[in-house]
Structure formats: C-alpha cells, structure tokens
Amino acid sequence: MDILIYGTVNSVIFALVAVGFTLVYGVSRLPNFAHGALYVLVGFLTWSLVNDFKVFYPLAILISLGISALLGALIYRLILIRLRGLPTSEIIASFAVGLIILEGLRLQGIGGFKGFIGPFYVLPAFIDSKLRIAGVLIDAQRLILIGGGLCVVAALWLFTHYTKTGLSLRAIAQDEQAAMMLGIDSDRAAVISLSIGSALAGLAAVIILPLGNVTAEAGYRVLINALAVCIIGGLGSWAGAVLASFVLGFAMIISTALFGSVWESVVLVGAIILILIFRPSGLLGKQKELEERV
Amino acid sequence: MPNEQLTSRERRRERLDRGIKVRTEGLYALSSWKEMFYLLAPRIVLILGLLVAPFLLDMYWQRVLCAAGIYALLALSFDFLAAYVGLVCLGGSFFIGSGAYISGLLNAKMGWAPFLTIPIATVVGAIVSTLVLLPCLRLRGIYFAITSFMFPLLTVNVIIALNIFGGTEGISALATYPNPWVDQYLILSVVIVSLFTLRRLVNEDMGLILRSIKDNDQAVKASGISILSYKIKAVFIASLIGCFGGAYLSHLYGWVGISQFSLDFSILPIAATVMGGMGTLVGPVIGALILTPLSEALRGFGQLRVVLYCLILIGFIVYKPEGLMNYLQRKYHQFEHWEDV
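Line order of the protein sequences matches chains A and B. Residue numbers 1 to 294, in the numbering used here, belong to the letters of the first sequence in order. Residue numbers 1 to 341, in the numbering used here, belong to the letters of the second sequence in order.
The hints are simulated quantities; they were obtained by calculation from the structure and are not laboratory data. A hint or two may mislead.
As the list claims (entries may be wrong) - In the DMTMM-like style, the derived pairs of lysine to aspartate or glutamate whose C-alpha atoms are separated by at most 25 angstroms in a straight line are:
1. B/K214 x A/D2
2. B/K21 x B/E35
3. B/K320 x B/D215
4. B/K320 x B/E14
5. B/K320 x A/D187
6. A/K164 x A/D175
What the hints assert, rightly or not - Label pairs and their computed distance ranges (CB to CB):
7. A/N51 x B/K331: 53 to 59 angstroms
8. A/G270 x B/S226: 25 to 31 angstroms
9. A/G270 x B/V193: 35 to 41 angstroms
10. B/L162 x A/D175: 44 to 50 angstroms
11. A/L211 x B/P180: 48 to 54 angstroms
12. A/D187 x B/L30: 16 to 22 angstroms
13. B/E322 x A/G147: 47 to 53 angstroms
14. A/A178 x B/P42: 47 to 53 angstroms
Just so it is clear, CB atoms sit at the ideal spot from N, CA and C, and this is done for glycine as well.
Just need the whole structure built from these sequences, with the hints factored in.
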C-alpha cells in the first residue's frame, strides 16, 4: 500500500516536471534546456517574494509564474528565434540560458546579493497536516500534488483540444507547413508554447517544492528527470510522457523499497539505456521514427 | 544586405581569394617561398607560440596553461563530434571523468607509474566511454545531446550512492610528474599532435564519410556503408582525446574526485568551440587558450565564471555564429574592398 501511494506521488512528480518540456518540444521542436532552471527560479522567486517582500503566498505564486512565462517568451524572442532549424545551436543556447539562471542564483557578493546557497529555503505547504489513508500516513501536500498533477494534465488536454489557441498549437505540431498556410503564425505558436511550458515548469515547482527545500542543484536533477521521462515516453508524445512517468515513478519507489534509495539513479540510467536499445522511439513515440532517431 | 540597400549610395563588399588559393578549401598553388611562408606562418606561429609559452610564464600561469591544454583537448573532441559527425556531446566531462578515474585507480591500487597509467587509462577510458555511448549512437541531434548530457551527472550519483572509488572524497595522493616541464610539454605536444592528426583525418576518406553521415545519413546507409561502425570509430577517437585529458589531469593534481564530472568540463569546451568557430578544429583550441586564462582571472568570483562562459557562448552563437577562426581565416585569405553597385 505504501508503494502504491508513494509510487503514485512520485509518478505525478515526474509527470508534472516533464509535461512542460514535452509541450514545448511537441509544438515547436525546441528542446528547452532551461526547463530545470526555470523550475528552480520560480521556487526562489516565490520564496523571495514571500519572505523578503512579504507578499501574500498565493499572489507570490501567481507573480512568479507570470515572470517565468515572460522569461520563456523572452528566451524565444531574443535568442531561439534566430537559431530555429539549427538543432545544435538551439540546444547549446538554451542550455546556456539555463546555466546562467542556475549559476546566477548562486552568485555571491554582487550588489549585496547573498546567493541562494544552503538548505535554508523552504516554501510553506499549502495545508500543513497529515492524513491516514488505508493505513498509510501521508501529508496533505502530497495529496494536493496528486490532485494538482491530474488537474494540470486534464487542463492541458482540454486546452489543446477545445480552445482555438490550443488547436493551433496542435496544428503546428502536426504539420508546420500546412498550419502556416492556414494562417497560423509559427513564431507566435512557439512563443505561446514556450511561455506555457515555462509556466508549467514553475507550477511544478510551487506544487513540488514545499515537500523539501529549494536548492539550485535541483535544477539539473529536474532537467534530467524531465529528459528521462521524455526519452522513455517518446519525445513530444503526451500520453507517452504520462505513461513513462508512472513507469519511472513506480520503478524508483519499488527499487527503493527493495534495495534502498541508493539505486534510484541506477534505475533511471538502466531504464533509459534499455529503452534506447529496444525501442529507440520511446514507449509511445510514433511518427518521426525513421526520420529522426535511427 | 537589406540594410545597406536603404542608404543612398549602394555599396557591397567584394571579396577576392588570394592567388595562392586555387579553388577549394585546403588546396593551394604556391609559386614562391614567400607564398609558402604566407601559408605556413599562422601554423608556425601557433606551434611555436605553444612551445615557447612555458618559458614566458611564471609558476601559476604555467599551471593555467596545463589546464588550458586539457580544455583545448576537450574542445577538439567536441568540435570533431559536433561539426564532423553531427553528434552534439554535452557530456564532455564524462571523458575526463572516466580517464581520470581509471588512471587514478591504477595508480592508487596497483601502484603503477604515470607513464604506464596514462596510456592505459586513455585507451580503456575511451573503450568505456564508447561502450556507454553505444546505445545512444543510433540517436541523432537533440536525442543524442540529451542522453550524453545525462551520463556524467548520473555517474556522479552512482559513485556517491554506491560509495565506490572513494565516494565523495575521491582518491588522493596519486603520483605526479617529476617536474613542471614534463607537465607542460606533455599536454602541449598532445594538443598539437591531436590537432593536426584530426585535421588530416577529416580530409581523408573517413572524414568525408563522417561529414556525409552528418548531412544525410540515409544516403550513406544507402551506399552500403555502416553508419553505426563509423560513428563508433568517431566517438572512440573523440573519447581517446578526452580520456587522455582526464588521465593527464589526475596526475597533474595528484587527485581524482567527482568534480571531474562537473559541468565546467562540459560547458567550457563548448563555449571555446563556439567562440573559436565550429568545424575549424584550430578555433576550439584557440578558444580554450583564451577562455581558460579568462576564467582563471575570474576565479575569485566563484560561479560568475560559468555565467560568463554562457554569456560569451550566447553572444557568439547569436551574433557571430561563424566564430573567430572562420572570421580570421576569411580576412587572411581574401582581399576585401568596398565597391559601388
């Protein structure tokens, strides 16, 4: 029962982290390597707004999500737009942006800025209490996390299937040329997808981070987790990403329960290598198999 | 240039190749010693400059020169893989790490001398890196970049988790080199040799096949050439260079640890390559020789160094994507003048 509940929590964490990355890549074929950095940035921004500027907590979350979305749009407008179609440069540039954010957060001594180092940055939980479900003790934040994750996935599904913007994003994802002929602006779609993707990274941060403390190092781990989920699920495939998060989430919890927590990262590497050998397009990656990955 | 057409007097920049250049890259027609010298001068300046440098520097900057050599090797291997094979390897530190750990272990556990451990670590490390990257070699573009990016970070996790190879503390008290001259000339000669070997290699048949794998791998496949085996060879060559850097590093500092898998070793070579000019092979070396002292000068600022590389990187990639070397080469080999249209 422990495994079932904590496995679900872990899986939803994976899904939340990966969904933004998949969205951006699925729509505009841009690998946003700054994803993990935006995640951490939102964590610190929220903390800073709440503790330094005494902003009301939900408002602080909204502000930092807005900033993150804006940053996503700026990254595209200022940098990535000049590099479209050059995959090498896209990767390097977005990775560099991510590093600037992550390492910038750790800068010390410039303008009295102390740098976010050490385990002092903790976001408050939304509701601070513990419940007992089927004999397992679980805190409310983890339940909110499961609910939040489901809501995000459902909202995204509704957004891309029933709103005009969402439909245009899907059109661009399926066939850019045809979509452009129908008057959908590819750059606009990319800006929208990057800002939604960045906001989703931030959303994941504010939901997940109250479980532990905020550190800049987490950015790399988040990026790796998002990438692992996307590789295993098939890049750009949503159903694949959700499926892969459950596979990974449970695999990790089960291996932790059986062998101890040191094996977590080994499981991650093992899963990726197995997938790459046996199904290089990922669990549910369909098209593009021949073109891009072989 | 659309902007220049707006001005009243329309001009364009005319570029003419110098006479010694016949019709393609790397093919020259020489008719005098002067022309020969014109062609050789930059190469001689580079080689002599590297060889003389140790005499001009003091102890501290000699150390920096050694580090610059390691970064230059990594940048070379990154450039070779990215520009000639199309494999963007974001995990250059994996090469450094595996080379360093293997030579460190051989030295600490078996007590072998550096002149024995370095060659072994270079070859074994390259085999290990190639095997690790083998499953991802079927991937292209961003897929390869993503997976190669993960390996060094995950290896660190595994080392810490399993507490093998000295865990977080690493292995210290390794043998070092007998004197600083061995330090410097070892790395400098390897940099020069691998630079010119790679330059030769990419102009041979193998280089042609590698470049066509980058441009259109289906066509290469259709010609009956196994792309996987060529990619394996290319990765092996690149990791040989990288692993030598690692093995050398472990004996330079007499210590190996998880920081040898750190991002510094992945990101600085990339910045050096982009700055120097991708695909030139010389460019990355020069980029590394510029960036490493710069980052050394900024050591006091801690993380600012990484931020600075990234800013340089983005600046070059967005505003000067051809890089320093391509720019200089153009200036050196062509006459330029403005001409009315």
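Here's how the hints hold up against the structure:
no., hint, verdict
1, B/K214 x A/D2, "violated, 49 angstroms"
2, B/K21 x B/E35, "holds, 10 angstroms"
3, B/K320 x B/D215, "holds, 22 angstroms"
4, B/K320 x B/E14, "holds, 20 angstroms"
5, B/K320 x A/D187, "holds, 22 angstroms"
6, A/K164 x A/D175, "holds, 16 angstroms"
7, A/N51 x B/K331: 53 to 59 angstroms, "holds, 54 angstroms"
8, A/G270 x B/S226: 25 to 31 angstroms, "holds, 27 angstroms"
9, A/G270 x B/V193: 35 to 41 angstroms, "holds, 38 angstroms"
10, B/L162 x A/D175: 44 to 50 angstroms, "holds, 47 angstroms"
11, A/L211 x B/P180: 48 to 54 angstroms, "holds, 51 angstroms"
12, A/D187 x B/L30: 16 to 22 angstroms, "violated, 50 angstroms"
13, B/E322 x A/G147: 47 to 53 angstroms, "holds, 51 angstroms"
14, A/A178 x B/P42: 47 to 53 angstroms, "holds, 50 angstroms"
Of the numbered hints given earlier, the model fails hints 1, 12; all others are met.
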